[in-house]
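K.L.:
What follows is the residue order along each chain.
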Amino acid sequence: MTGALYDWYPDAPYQFPRTERFPVVRITVAGPAPFNTLVIVRAVVPVIPHNHPADGHIRRNTIILATEFSLVGHDPRTGKPAARHSTTACLQMIQADDDTAFLAAVDTVTGDFDEQGRWIITAQVADSADDVIYGAQAYASSWVLCYEPPIETHNHPVTPQQIGLGPRPGYAPLDLARPHATSSGPDSHDEGTFAGTAPTTQFGTRTASPRHPPHGCDQANN
Amino acid sequence: MTLFDARPEKGQVDSCTVIDADLGVGNQHLIVTSGIVKLGWTYDSDQTYHGGEKVLLNVFAGGLVEWSAFVGLAAIANDNSGFVFAADTARVEGEPSGELALLIDDALMGESSTFHRFSYQVVAKVIRTPTAITGSITWPSSLYRPPSDDPRRLVEDLSVVANRDESATGTDLFSPEHLTPVASAYFDSFHAEQDRCVVTYRIANPPMGMALKVTSQVQEHFLRSATAAVGIGRIAGPDVFTLSPSQPAVAVDFGAAALPDLR
Numbered sequence: 029m030t031g032a033l034y035d036w037y038p039d040a041p042y043q044f045p046r047t048e049r050f051p052v053v054r055i056t057v058a059g060p061a062p063f064n065t066l067v068i069v070r071a072v073v074p075v076i077p078h079n080h081p082a083d084g085h086i087r088r089n090t091i092i093l094a095t096e097f098s099l100v101g102h103d104p105r106t107g108k109p110a111a112r113h114s115t116t117a118c119l120q121m122i123q124a125d126d127d128t129a130f131l132a133a134v135d136t137v138t139g140d141f142d143e144q145g146r147w148i149i150t151a152q153v154a155d156s157a158d159d160v161i162y163g164a165q166a167y168a169s170s171w172v173l174c175y176e177p178p179i180e181t182h183n184h185p186v187t188p189q190q191i192g193l194g195p196r197p198g199y200a201p202l203d204l205a206r207p208h209a210t211s212s213g214p215d216s217h218d219e220g221t222f223a224g225t226a227p228t229t230q231f232g233t234r235t236a237s238p239r240h241p242p243h244g245c246d247q248a249n250n
Numbered sequence: 334m335t336l337f338d339a340r341p342e343k344g345q346v347d348s349c350t351v352i353d354a355d356l357g358v359g360n361q362h363l364i365v366t367s368g369i370v371k372l373g374w375t376y377d378s379d380q381t382y383h384g385g386e387k388v389l390l391n392v393f394a395g396g397l398v399e400w401s402a403f404v405g406l407a408a409i410a411n412d413n414s415g416f417v418f419a420a421d422t423a424r425v426e427g428e429p430s431g432e433l434a435l436l437i438d439d440a441l442m443g444e445s446s447t448f449h450r451f452s453y454q455v456v457a458k459v460i461r462t463p464t465a466i467t468g469s470i471t472w473p474s475s476l477y478r479p480p481s482d483d484p485r486r487l488v489e490d491l492s493v494v495a496n497r498d499e500s501a502t503g504t505d506l507f508s509p510e511h512l513t514p515v516a517s518a519y520f521d522s523f524h525a526e527q528d529r530c531v532v533t534y535r536i537a538n539p540p541m542g543m544a545l546k547v548t549s550q551v552q553e554h555f556l557r558s559a560t561a562a563v564g565i566g567r568i569a570g571p572d573v574f575t576l577s578p579s580q581p582a583v584a585v586d587f588g589a590a591a592l593p594d595l596r
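Quick note, the sequences are listed as chains A and B, same order. Using the numbering used here, the letters of the first sequence map in sequence onto residues 29 to 250. Using the numbering used here, the letters of the second sequence map in sequence onto residues 334 to 596.
Treat the hints as calculated values from the structure; they're not laboratory data. Virtual Cβ for every residue (Gly too), placed ideally from N, Cα, C. Mixed in with the good hints, there may be bad ones.
[Claimed, not checked] Taking CB as the label site, the calculated pair distances span: (1) F507(B) to V53(A): 54 to 62 angstroms; (2) F574(B) to Q123(A): 27 to 35 angstroms; (3) I179(A) to R424(B): 31 to 39 angstroms; (4) L556(B) to D142(A): 47 to 55 angstroms; (5) G101(A) to D412(B): 50 to 58 angstroms; (6) D377(B) to P41(A): 25 to 33 angstroms; (7) G101(A) to D528(B): 52 to 60 angstroms; (8) T513(B) to D126(A): 48 to 56 angstroms; (9) P81(A) to V573(B): 56 to 64 angstroms; (10) G359(B) to P81(A): 54 to 62 angstroms; (11) G357(B) to D159(A): 52 to 60 angstroms.
Throw the hints in and build the complete structure from the sequences for me.
P.N.:
Laid out in C-alpha cells, this is it:
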C-alpha cells in the first residue's frame with residue numbers, strides 16, 4: 029500500500045455529518061482556587077482514521093483532536109495553563125456495507141491544554157473489519173476546571189460568542205470532521221498487530237494541507 | 334450484577350478522571366467523574382443476554398442532591414454474526430459508606446460478541462462534608478523548650494502526616510508497613526506549661542474512603558536541641574481508620590519523651 033489517503037465516505041452506507049460543531053459552555057464556579065470557570069466541550073473522535081480500507085487487521089491509533097475550546101486570556105509564553113478535567117468518550121456511529129467481523133474501540137481518552145491554551149483531547153482507538161467499507165466514530169466529552177478572566181459585562185454586553193455559542197474573535201472556524209495529513213505515513217498504520225507503538229493522527233489543527241483526495245482516487249490498493 | 338471499582342490500584346477502570354467544583358452555596362459541589370470500564374464480556378449465542386453492572390466511583394459525599402449520567406459503548410467486537418450491544422439505564426446512588434455508585438443495565442448477543450469496554454460520565458450535585466484529623470503532641474518541658482511560642486515555627490521541630498495505609502493485613506508482626514503520605518498537618522496552637530509543652534495540629538480535608546494512619550516525627554532541630562534522645566508515639570486515638578460521611582473527623586494524640594540511656 030502506498031501513502032495516498034483512501035476516502036471511503038462516498039461508498040459508506042450512511043453518509044454521516046462530516047462536520048459537527050459543538051458549543052462551548054462556560055459556568056462560573058467559586059473554586060477550588062485558582063479555578064473560577066467550569067467549561068464543557070465536546071468533539072467527535074474518528075475511531076477509524078479513514079485512510080485505509082478494512083482488511084481484517086487490527087489497527088491502533090492515537091487520535092489527537094483540537095477542540096473548539098481555547099482559554100480566554102492565556103499567554104502562550106507561560107506554557108500550559110493549569111486545569112483539572114473529567115473526560116470520556118463513547119461510540120456514536122458504526123457501519124459496514126456488508127457482513128463482517130469487526131472491532132471498534134476507544135480504549136482510553138484524556139484531555140490537556142496545549143501551550144497555546146487550546147483544549148486537546150487524546151484518544152487511543154482501535155478498529156478492525158474484513159474487506160468491507162467500514163467506519164466508526166465516538167463522541168468525546170470534557171468538563172474542564174480552569175481560570176479565565178471574568179467578563180466585564182457592564183462594558184461588554186454578553187454575546188453568544190462570549191458565552192461560547194460561536195467562534196471567538198480571532199479564531200478561524202475549524203473543520204474537525206476529517207483528518208489532515210497524518211504525522212506518520214499512512215503505511216505505518218498497516219501493521220495490524222498489537223505490538224509496537226501506535227501511530228499518531230492529528231485532527232483539527234489549522235495546518236493548510238489537502239484534506240481529501242478527489243472522489244474515486246483510491247490508491248490504497250496500489 | 335458485576336461490581337467494578339474506579340480506584341486506580343484496582344485497574345478496572347481506564348481514563349478515570351474526576352473534577353470537584355465548589356458551587357459556593359451551602360457546601361454544594363458539582364462532581365464530574367468519567368471513565369472507561371474494562372468489562373471484558375465475551376458471549377456466544379443468538380439469545381440476547383441481559384446483565385447489570387455497578388461501578389464504585391471513588392467519590393464520597395455527605396448527600397446526593399441531583400445527578401445526570403450517561404453510559405455508552407467504548408469497545409465492542411463481533412465475529413460476523415447478528416449482534417446486540419447495549420449499555421443503558423444509568424443511575425447514580427449513594428452507598429452506605431457515602432461513596433457514589435453508578436448502576437447500569439447492559440445486553441449482549443452474537444456468535445460470538447465481545448463487549449470489551451463501556452464508558453460513563455456522571456455529573457452530580459452533592460453536599461460535601463468537611464473532613465479533619467486533629468490532635469496534640471505533648472512532651473516534657475525539661476526535654477525541649479521551643480525558642481518561639483509561634484505554632485507556625487514548630488514545623489522545624491515536629492511533623493504530622495496522614496498516610497494512606499496499604500500494609501498487608503494479617504498476623505505477621507514483621508511485615509513492613511506500606512504508608513503513602515496524602516495530607517500534612519499545620520500547627521494551630523502552642524502552650525508551654527510548667528512541666529509540659531503542648532502543640533495542637535489540624536489536617537484539613539483528608540480523603541474519605543481509604544485506610545489512614547497518622548504518623549508524627551521529631552525533626553532535626555528538636556533532636557539537636559533536646560536534653561536527651563527523643564522518641565515519639567501515639568498515645569490516644571485510632572491507629573488505622575477510614576473517614577466517611579458518618580465519621581468525618583478523628584482525633585489522634587502523640588507524646589514525645591526522653592528515651593532511656595542504654596549506655
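K.L.:
Would you mind marking each hint as holding or not holding in the structure?
P.N.:
Against the structure, the hints:
With their beta carbons about 56 angstroms apart, F507(B) and V53(A) fall inside the hinted range of 54 to 62 angstroms. Between F574(B) and Q123(A) the C-beta distance comes to about 54 angstroms, which lies outside the given range of 27 to 35 angstroms. Look at I179(A) against R424(B): about 36 angstroms separates their beta carbons, and that is inside 31 to 39 angstroms. For L556(B) paired with D142(A), a C-beta distance near 48 angstroms keeps the hint of 47 to 55 angstroms intact.
Roughly 52 angstroms separates the CB atoms of G101(A) and D412(B), a value that falls within the hinted 50 to 58 angstroms. Between D377(B) and P41(A) the Cβ separation comes to about 27 angstroms, which falls inside the hinted range of 25 to 33 angstroms. Taking the beta carbon of each, G101(A) and D528(B) are about 58 angstroms apart, inside 52 to 60 angstroms as hinted. About 53 angstroms separates the C-beta atoms of T513(B) and D126(A), a value consistent with the hinted range of 48 to 56 angstroms.
The hinted range of 56 to 64 angstroms is satisfied by P81(A) and V573(B), whose Cβ atoms lie roughly 59 angstroms apart. Restraint check, G359(B) to P81(A): a C-beta distance of roughly 58 angstroms satisfies the suggested window 54 to 62 angstroms. Taken as a hint, the range 52 to 60 angstroms holds for the pair G357(B) and D159(A), whose Cβ atoms sit roughly 58 angstroms apart.
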